[in-house]
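**Student:** Now for the letters of each chain:
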Amino acid sequence: MNSTIFSYFSQSKELSTIISGLSKSLGFDATSLVAFIVFAIACLVVVGALATIGGLGTYAERKISADLQARQGPNRVGPYGILQFLADGVKMILKEDIIPANADRFTFILAPFLCMIGVFATLAVVPFSSGFTLTDLNVGIFYLVGMASLVGVGVFLGGYSSNSKWSMLGGMRGASQIISYEIPATITIISIVLLAGGLSMGTLIGGQGGMPQEWYMFHNPFAFIGFFVYFISALAETNRAPFDLPEAESELVSGYHTEYSGMRFGLFALAEYIEVFVVCGVATALFLGGYKVPFELGTGAILVEKLGLDIMLAKNIGQVLELGSFFTKTFALYYVVIWVRWTLPRLRVDQLMTLCWKYLTPIAIFNLLGCAVWMYAFNGKSIYSLIFETASTVAGHH
Amino acid sequence: MFSNTLFMLSAALTLGGAFAVVYSQNLMHACIYLLASLFGVAGLYACIGADFLAATQLVVYAGGVVILMLFAIMLTGGTGNKINRYGLEKVAAMGNKKTYFTAGFAAVVTSLIILKIIASVLRAQPSKELAANQVTVEKLGTLLATDHILAFEISSVMLLGALVGAAIISRPRKEKHD
Amino acid sequence: MINLGSYLIISFALFICGILVMVARKNIIAILLGIELILNASALNFVAYTKFMNNNLDGHIMSLFIIVTAAAEAAVGLGIVIRFFQLRESIHIDDAATLQN
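If you read the sequences in order, they're chains V, L and E. The opening residue of the first sequence carries number 1 in the numbering used here; numbering runs sequentially from there. The opening residue of the second sequence carries number 399 in the numbering used here; numbering runs sequentially from there. The opening residue of the third sequence carries number 577 in the numbering used here; numbering runs sequentially from there.
Hints are computed from structural coordinates only; laboratory data are not their basis. Virtual Cβ for every residue (Gly too), placed ideally from N, Cα, C. Some hints could be false.
[Unchecked claim] Computed list of lysine-lysine pairs in PhoX-like fashion (alpha-carbon distance at most 20 Å, straight line):
| no. | chain 1 | residue 1 | chain 2 | residue 2 |
| --- | --- | --- | --- | --- |
| 1 | V | K24 | V | K13 |
| 2 | L | K496 | E | K602 |
| 3 | E | K602 | L | K514 |
[What the hints assert, rightly or not] Listed next, the stretches of chain E that the computed footprint assigns to chain L, with coverage defined by at least 3 CB atoms under 8 Å from CB atoms of chain L:
| no. | segment |
| --- | --- |
| 4 | 613-627 |
| 5 | 632-644 |
| 6 | 654-664 |
Build out the structure end to end from the sequences listed, making use of the hints.
**Tutor:** See the structure below:
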């Protein structure tokens, strides 16, 4: 029904020989068994890779902040201190796991896992490349929005169950901020869905191209504004500075995870860094052309034609190029997120809510209307193709 | 086989969550069990190919309703003593033997009636081959914008009314100083 | 395994749980939890009948409207509860008896 990672692998001959061999030796049709194994391995790879990216995120944060403040940053563990996150992880696992005596034990234990589940469940639809998407659900982006809102529940429960006023204030701020900023983010996503005509990640990226003028960000002026609306909302949804009110160090110690120690705190931190990656990936997929590579290199057709390579090899090379394209754009956005954190001061609570309800939400609704009018008036053509057509007709008349 | 496993897990999550909502004595925990139950219902939707509904269930309940309820529980939790200035119980009891007995009686009567109704369906099970799961998003969109456009518009007006109404009701009023 | 009967039984159990919560609890928010369970049971029934009976999507539309209504109901209901708590400092259902008699 949906195109999944298994449907990419089943194009290769090796997999079909494995399936037929297994079916012969086991005595039943082994297709679904092999599919299950492929999915399990792919999920392990994705979760492992993303956990590493989350860990490296903490390292990047420290290193970039050090750059911005003209310091050294971590430089002891491994070359350039790049293994710092492993040392941190070992430290966190070895720390004592403290549960406050007056805490609500059930919710206290549950909260970090809710955050983790919410973030890792979104990875199922993140489009790393045209072949390496775990599953291309036909309600992909909608599912992602729904699953990501579990993080809000986790943050709130973490704050409530700790039985501490810092945590309580942090949890309240976190939950209200997350559900408020979901509105402009979702409306902006809807305006892009309007341009693409579908909810699945494949459709959303399929309407774009590899070159910047084919991206939805430069499709029309409204989508251009929409990118910034989405990016600001995503910053606020992931509790990143300048919207890090839930964990404002100067007022709330560290907000909703004040009372957490050891690996439970580590789970919260890891969930936050992976969520930043996921929202950057979504921004890439929606506005920046996702995994698309210029000149249709991703399908590998041009490699087969010009260089005479084997079809499967050309496809695999295309997949690697697409992965590179996706990760390059996403990491560029990730850098911007960290850069913003160490540049801008924190907002006040009333400024935060004013920004969401008085500015971003009306702008997002205006963008949605503008996109709809643009689709109707110009038949869905992008601004670049309009200019190009006009120029060519003008040139043709002379 | 995998869809059967998914169905079993979702059903277990739904029913377990619902029973836990009934028997939990802590309102906060009951709300989390409700979240589990609603997720199970989303899984049940997904089992029979209602993909859009499953995602809607996740968005509306996990992101909206449950957080709203958690907020309300926290705001009405009350601190300090359990008796308010009128001598009334501040946080109501989650039920006692008397109420559970009444509820059990009501449940038995209701379940007898409903079982009588669905017995005919259970007995006369249509054994036809099921249609394959289809993509529902486009069809739902078309239906919403054509056949059910009136209900769609009315529900949007209702949502606007609910938004304004909730904001007005829960807004703190200025108390008169004398 | 996946047939109309099992879906009906699940939604029946959900409904009964909702009734139990609504009748047994004296806490207004807990009663709202029960109402959510009941609404979900009915939405599940609509989807199950759509799949196993006629396979047109009107049942899905009905479930969508049930979800929308449930969201609106929760928003307004909880607003009323919070206002009631501000006035009476209680969320016991028996204290909301000003309009009785």
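**Student:** Take the hints in turn and mark each one as holding or not.
**Tutor:** Hints and how they fare:
At most 20 Å may separate the alpha-carbon atoms for a hinted pair to count; K24 (chain V) and K13 (chain V) meet this at roughly 17 Å. Taken as a hint, the K496 (chain L) and K602 (chain E) pair is honoured in the structure, with Cα atoms around 11 Å apart against an allowance of 20 Å. Among the hinted pairs, K602 (chain E) with K514 (chain L) is inconsistent with the structure: their alpha-carbon atoms are about 30 Å apart, more than 20 Å. Closer than 8 Å: that is the beta-carbon criterion, and the segment 613-627 of chain E has 8 residues meeting it against chain L, so the requirement of 3 holds.
Counting residues of the segment 632-644 of chain E whose beta carbon lies closer than 8 Å to any beta carbon of chain L gives 9, which reaches the threshold of three, so the coverage claim holds. With 9 residues carrying a beta carbon less than 8 Å from a beta carbon of chain L, the segment 654-664 of chain E meets the three-residue requirement, and the given coverage holds.
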